[in-house]
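**Student:** With the hints as extra help, turn the sequences into a complete structure.
Those sequence lines, one after another, are chains G and B. Residues 0 to 475 in numbering that gives the first Met the number 0 are what the first sequence lists, from first letter to last. Residues 0 to 238 in numbering that gives the first Met the number 0 are what the second sequence lists, from first letter to last.
Incorrect hints may have been included.
Stated by the list, open to error - Each computed PhoX-like pair below joins lysine-lysine, with the alpha-carbon atoms no more than 25 Å apart:
(1) G:Lys135 with B:Lys51
(2) G:Lys326 with B:Lys143
(3) G:Lys325 with B:Lys162
(4) B:Lys181 with G:Lys86
(5) G:Lys131 with B:Lys50
(6) G:Lys131 with B:Lys11
(7) B:Lys150 with G:Lys325
(8) G:Lys258 with B:Lys150
(9) G:Lys308 with B:Lys143
(10) B:Lys150 with G:Lys319
(11) G:Lys76 with B:Lys150
(12) B:Lys50 with B:Lys143
(13) G:Lys180 with G:Lys76
(14) B:Lys208 with G:Lys131
(15) G:Lys76 with B:Lys200
(16) G:Lys304 with B:Lys143
(17) B:Lys150 with G:Lys131
(18) G:Lys319 with G:Lys276
(19) G:Lys131 with B:Lys143
(20) G:Lys276 with G:Lys461
(21) G:Lys319 with B:Lys143
(22) G:Lys11 with B:Lys181
(23) G:Lys86 with B:Lys143
Said to hold, decoys possible - Pulled a few chain B residues facing chain G out of the computed Cβ check, cut under 7 Å:
(24) Thr75
(25) Thr105
(26) Leu144
(27) Asn147
(28) Leu176
(29) Ser178
(30) Glu185
(31) Leu186
(32) Ala188
(33) Ser190
(34) Ser196
(35) Arg201
(36) Thr202
(37) Leu204
(38) Lys208
Bear in mind the hints are in silico, worked out from the structure with no lab data behind them. These figures come from a predicted structure and were not determined experimentally. Cβ coordinates follow ideal geometry from the N, Cα and C atoms, glycine included.
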Amino acid sequence: MRDVSFSYDKDKNLDNINVDIREGEVILLCGESGCGKTTITRFLNGLIPNFFDGKRQGNVYLNDELISEMPIYEISKNVGSVFQNPKTQFFNVDTTSEVVFGCENLSMPIDDIQNRLDNVVDDFQISHLLDKSIFKLSGGEKQKIACASVSAVHPDILILDEPSSNLDSRSSWDFENIIRKWKSQGKTVVIAEHKLFFLSDVVDRVLFLNNGRITDEWSIEEFRQINHREFGLRQLNLENLTCKRKEYYSDSPEFMELKNFRFHYGKRQVLDIDDVKIPKNEVIAIIGKNGAGKSTFANCLCGLKRSCKGQLIWDNDALKRNDRLKKTYMVMQDVNHQLFTESVLDEVLLSMDDENFELAEEILTNLNLIHLKDAHPMALSGGEKQRVAIASAIASEKEILIFDEPTSGLDLKNMMKVSENLIYLQKLGITSFIITHDYELIMEACSHVLHMDDGRIVDSYKINEEKLKKFFLNSN
Amino acid sequence: MGLGLNFTLDPKTKIIILAILSFMVFNDVSLYISGILVLIPFICLFFSNHKKSAIIYIIAYIAAKYVQIYILPTATGLLAIILITFSYTASRMLPIIMMGYYTITTTKVSEFIASMEKSNIPKDIIIPVSVVFRYIPSVFEEIKLITNAMKMRGFGLNIKSLKNPLKLIEFYMIPILISAVKTADELSAASLTRGLSNPEKRTHLLEVKFTRMDYVLLALTIIGFGIYAFNFLRGVAIA
Numbered sequence: 000m001r002d003v004s005f006s007y008d009k010d011k012n013l014d015n016i017n018v019d020i021r022e023g024e025v026i027l028l029c030g031e032s033g034c035g036k037t038t039i040t041r042f043l044n045g046l047i048p049n050f051f052d053g054k055r056q057g058n059v060y061l062n063d064e065l066i067s068e069m070p071i072y073e074i075s076k077n078v079g080s081v082f083q084n085p086k087t088q089f090f091n092v093d094t095t096s097e098v099v100f101g102c103e104n105l106s107m108p109i110d111d112i113q114n115r116l117d118n119v120v121d122d123f124q125i126s127h128l129l130d131k132s133i134f135k136l137s138g139g140e141k142q143k144i145a146c147a148s149v150s151a152v153h154p155d156i157l158i159l160d161e162p163s164s165n166l167d168s169r170s171s172w173d174f175e176n177i178i179r180k181w182k183s184q185g186k187t188v189v190i191a192e193h194k195l196f197f198l199s200d201v202v203d204r205v206l207f208l209n210n211g212r213i214t215d216e217w218s219i220e221e222f223r224q225i226n227h228r229e230f231g232l233r234q235l236n237l238e239n240l241t242c243k244r245k246e247y248y249s250d251s252p253e254f255m256e257l258k259n260f261r262f263h264y265g266k267r268q269v270l271d272i273d274d275v276k277i278p279k280n281e282v283i284a285i286i287g288k289n290g291a292g293k294s295t296f297a298n299c300l301c302g303l304k305r306s307c308k309g310q311l312i313w314d315n316d317a318l319k320r321n322d323r324l325k326k327t328y329m330v331m332q333d334v335n336h337q338l339f340t341e342s343v344l345d346e347v348l349l350s351m352d353d354e355n356f357e358l359a360e361e362i363l364t365n366l367n368l369i370h371l372k373d374a375h376p377m378a379l380s381g382g383e384k385q386r387v388a389i390a391s392a393i394a395s396e397k398e399i400l401i402f403d404e405p406t407s408g409l410d411l412k413n414m415m416k417v418s419e420n421l422i423y424l425q426k427l428g429i430t431s432f433i434i435t436h437d438y439e440l441i442m443e444a445c446s447h448v449l450h451m452d453d454g455r456i457v458d459s460y461k462i463n464e465e466k467l468k469k470f471f472l473n474s475n
Numbered sequence: 000m001g002l003g004l005n006f007t008l009d010p011k012t013k014i015i016i017l018a019i020l021s022f023m024v025f026n027d028v029s030l031y032i033s034g035i036l037v038l039i040p041f042i043c044l045f046f047s048n049h050k051k052s053a054i055i056y057i058i059a060y061i062a063a064k065y066v067q068i069y070i071l072p073t074a075t076g077l078l079a080i081i082l083i084t085f086s087y088t089a090s091r092m093l094p095i096i097m098m099g100y101y102t103i104t105t106t107k108v109s110e111f112i113a114s115m116e117k118s119n120i121p122k123d124i125i126i127p128v129s130v131v132f133r134y135i136p137s138v139f140e141e142i143k144l145i146t147n148a149m150k151m152r153g154f155g156l157n158i159k160s161l162k163n164p165l166k167l168i169e170f171y172m173i174p175i176l177i178s179a180v181k182t183a184d185e186l187s188a189a190s191l192t193r194g195l196s197n198p199e200k201r202t203h204l205l206e207v208k209f210t211r212m213d214y215v216l217l218a219l220t221i222i223g224f225g226i227y228a229f230n231f232l233r234g235v236a237i238a
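**Tutor:** Put into structure tokens, the structure is as follows:
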């Protein structure tokens, strides 16, 4: 890249970028949200200027050819891209068609495609995933299919834009293996990513971006030495983290009790909890592999599943489904699904039985949203939307809040804000459950851990570094 | 799978049948023709791993027709109004809904593109339509999530929400539209990086061919339509 500058509209998004990427290198682009990582990847895969356009300066070359002069389908023969959101990068609904999609688009002969399909299935060990609906796959499986389908075209360069946001730690390590495979085949890999821990042994060079400029460049050895927090980065080595909370928030926590939480999908039992006691008014992490039943558990706890007959014993009351629906609130992974009104203030008022403006404004002030009270919720940033959802939960006097992966795809700064919110909720007397794969977040804020596997709670303990490390770090 | 009786249809057949069915049910068609036509979605569903939906569908349809023919003439008052609404909506809408359900659940996006390209329909039409095809199943997922979100805010099937049904529709539409725009954007970007805009003709790993079943069902539909059209024209001529 030579003297590249770019702006989508008014603000400069990239400012005078000069990079040479050598063949066979694995490059990590890192920096805070909005630093320009994604914009660089878009230059490399031709989405700028073919799909997004703005004011461009400078040139990007691929083997001495100007990328901006090439039609995008020519670029796609050499450059493969994997994106953040597995839901929206699949054109097909079934996996097999998806894997060969790129090859078909490039009009390769059918025998050739069949060969490539067989090879790629072997390489990625995905034969058990073929001929399935993509809606039935877990996040990790979806990303594997995405990688396989990009690989099938045999590109020399791979561009990955936050590919691990939705992956658990196990799948992240699997992802490392995929990158390793590409590296061993001599391919060039460029990764833009917040989550770093699984990349420590596979990356060659790290570029740090700040406000659209490359301000630092490290070899991986140098990168291991720096203080990541100072640069606003997530940890590279999770071993370095210690938990902030050693004890429960309350001195002698009271307990709630869950009884007989069971749920079936058809004949398959996906949730099977007999009896478990959980401390009240704490920040509770729910951990477990993709597909361990964490989301089903959350849905049942909220009272969203009619056929789950479990009871929540709370202050000597046995709460059935409808009672729990009134007491609990879930902050969904995609917050867009739960913001309905035209302004932030309305959103909070909607949750109140009797509209109380003063109380609503007080809640917004405490969550640092008051300056946005007339803004449209959909126009806010991801973190702000999440806070609006929290505000509406507080307004409706919910006592249990459940967060579904609140920090997926967040940089350090935003992750810290989430953790501050959790601590604030604890002070208000609210019990929070957090479904998460984010070790760093657990270390920051959580005081109790529920470990799920195969629909059961296999362990429930006060925060304990040893046990957590065993789960998060030993997965490879 | 199953007994080996299952068959797949060419996407073109499905769409033509769907179109003819939609046209016919909104006109009054004599029972013996519609009787055959309602069987088509049943057959399609029954022989494609949707046996349960097929059986529920046929029972619901027969019940609706039975009510129409035998009970309605004797019913009066409010009961009659309710029965009329239910039985007529069911008998007219069910066949299309089930055929639509069949078309969407059994057609792979790649089959659809292959079949359309074979008929030399331009890419500019195929691609947007196939994106819609791809998007429909996601809409159902989203509706489920939004319903959950509303329940947690106290908007279930209760008085609070029934007081203001228009608001309820708005609450559904806004998140769906927002995510539709986002999905369309990301999906187009992803497919562009995978060479979808290549002007050369695509190749297809999955061969899509007309089979005997295609011809049989198409013939059945077209004959049904033919008889109907003939009767219709004759009716006009006599009048």
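**Student:** Are the hints correct? Go through all of them and say.
**Tutor:** Cross-check of the supplied hints:
no., hint, verdict
1, G:Lys135 with B:Lys51, "20 Å, holds"
2, G:Lys326 with B:Lys143, "21 Å, holds"
3, G:Lys325 with B:Lys162, "19 Å, holds"
4, B:Lys181 with G:Lys86, "11 Å, holds"
5, G:Lys131 with B:Lys50, "19 Å, holds"
6, G:Lys131 with B:Lys11, "23 Å, holds"
7, B:Lys150 with G:Lys325, "9 Å, holds"
8, G:Lys258 with B:Lys150, "23 Å, holds"
9, G:Lys308 with B:Lys143, "20 Å, holds"
10, B:Lys150 with G:Lys319, "15 Å, holds"
11, G:Lys76 with B:Lys150, "47 Å, violated"
12, B:Lys50 with B:Lys143, "24 Å, holds"
13, G:Lys180 with G:Lys76, "19 Å, holds"
14, B:Lys208 with G:Lys131, "22 Å, holds"
15, G:Lys76 with B:Lys200, "16 Å, holds"
16, G:Lys304 with B:Lys143, "12 Å, holds"
17, B:Lys150 with G:Lys131, "31 Å, violated"
18, G:Lys319 with G:Lys276, "17 Å, holds"
19, G:Lys131 with B:Lys143, "21 Å, holds"
20, G:Lys276 with G:Lys461, "12 Å, holds"
21, G:Lys319 with B:Lys143, "22 Å, holds"
22, G:Lys11 with B:Lys181, "23 Å, holds"
23, G:Lys86 with B:Lys143, "16 Å, holds"
24, Thr75, "37 Å, violated"
25, Thr105, "11 Å, violated"
26, Leu144, "5 Å, holds"
27, Asn147, "5 Å, holds"
28, Leu176, "10 Å, violated"
29, Ser178, "6 Å, holds"
30, Glu185, "4 Å, holds"
31, Leu186, "5 Å, holds"
32, Ala188, "5 Å, holds"
33, Ser190, "5 Å, holds"
34, Ser196, "5 Å, holds"
35, Arg201, "5 Å, holds"
36, Thr202, "5 Å, holds"
37, Leu204, "5 Å, holds"
38, Lys208, "14 Å, violated"
Of the numbered hints stated above, those contradicted by the structure are hints 11, 17, 24, 25, 28 and 38, listed in ascending order.
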